[in-house]
Amino acid sequence: MREVDARGLSCPEPMMLTAEVLKNTTEPVKILVTEPHQKTNVEKYAKDHGRTVVSKETKDGFEITIS
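Start counting the sequence shown at 1; every next residue gets the next number (full-length UniProt numbering).
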């Protein structure tokens, strides 16, 4: 599983990194973000592109698994 650590990055960087990794793989991807709005944006992007999303809150942000 590929992992993208976008914690601490400002918008739109987490979205851009998510788009890039999803464009290049069909395997599950884990995206790490810090802010709730980043989580929402990444989830919406993945769902809009036909992917399944599972998210959980962690001690330092959110972990979004996209398959």
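Just so you know, these hints were derived from the structure itself, not from any lab.
Computed from a predicted model, the values in this text were never measured in an experiment.
Check the hints yourself; a few may be wrong.
Pairs of lysine-lysine, BS3-like flavour, derived with a Cα cap of 27 Å [stated by the list, open to error]:
hint	residue 1	residue 2
1	Lys44	Lys59
2	Lys56	Lys23
3	Lys47	Lys30
4	Lys30	Lys59
5	Lys23	Lys44
6	Lys44	Lys56
7	Lys47	Lys59
8	Lys56	Lys30
9	Lys23	Lys47
10	Lys44	Lys30
Computed Cβ-Cβ distance ranges for the label pairs, DEER-style [as the list claims (entries may be wrong)]:
hint	residue 1	residue 2	range
11	Lys59	Asn24	17 to 25 Å
12	Cys11	Glu63	13 to 21 Å
13	Lys44	Ser10	26 to 34 Å
14	Val53	Asn24	12 to 20 Å
15	Ser67	Asp5	12 to 20 Å
16	Glu3	His49	24 to 32 Å
The beta carbon of each residue, even a glycine, is placed where N, CA and C say it ideally should be.
Outcome of the hint check:
1. Lys44 with Lys59: Holds - the C-alpha atoms of Lys59 and Lys44 are around 22 Å apart, at most 27 Å.
2. Lys56 with Lys23: The given pair, whose Cα atoms are some 23 Å apart, holds under the 27 Å limit.
3. Lys47 with Lys30: OK: Lys47 and Lys30 at ~14 Å, within 27 Å.
4. Lys30 with Lys59: Between Lys30 and Lys59 the Cα gap is close to 16 Å, so the pair holds against 27 Å.
5. Lys23 with Lys44: Roughly 15 Å between the alpha carbons, so the hint for Lys23 and Lys44 holds.
6. Lys44 with Lys56: holds, 15 Å
7. Lys47 with Lys59: holds, 25 Å
8. Lys56 with Lys30: Between Lys56 and Lys30 the Cα gap is close to 11 Å, so the pair holds against 27 Å.
9. Lys23 with Lys47: Distance of about 14 Å is within 27 Å: holds.
10. Lys44 with Lys30: holds, 15 Å
11. Lys59 with Asn24: 17 to 25 Å: For Asn24 against Lys59, whose Cβ atoms are near 30 Å apart, the range 17 to 25 Å is violated.
12. Cys11 with Glu63: 13 to 21 Å: Given a distance of about 18 Å, which is inside 13 to 21 Å, the answer is holds.
13. Lys44 with Ser10: 26 to 34 Å: violated, 18 Å
14. Val53 with Asn24: 12 to 20 Å: Given range 12 to 20 Å: holds, Cβ gap about 18 Å.
15. Ser67 with Asp5: 12 to 20 Å: holds, 18 Å
16. Glu3 with His49: 24 to 32 Å: 19 Å Cβ-Cβ, so the 24 to 32 Å window is violated.
Going through the hint list in order, the structure does not satisfy hints 11, 13, 16.
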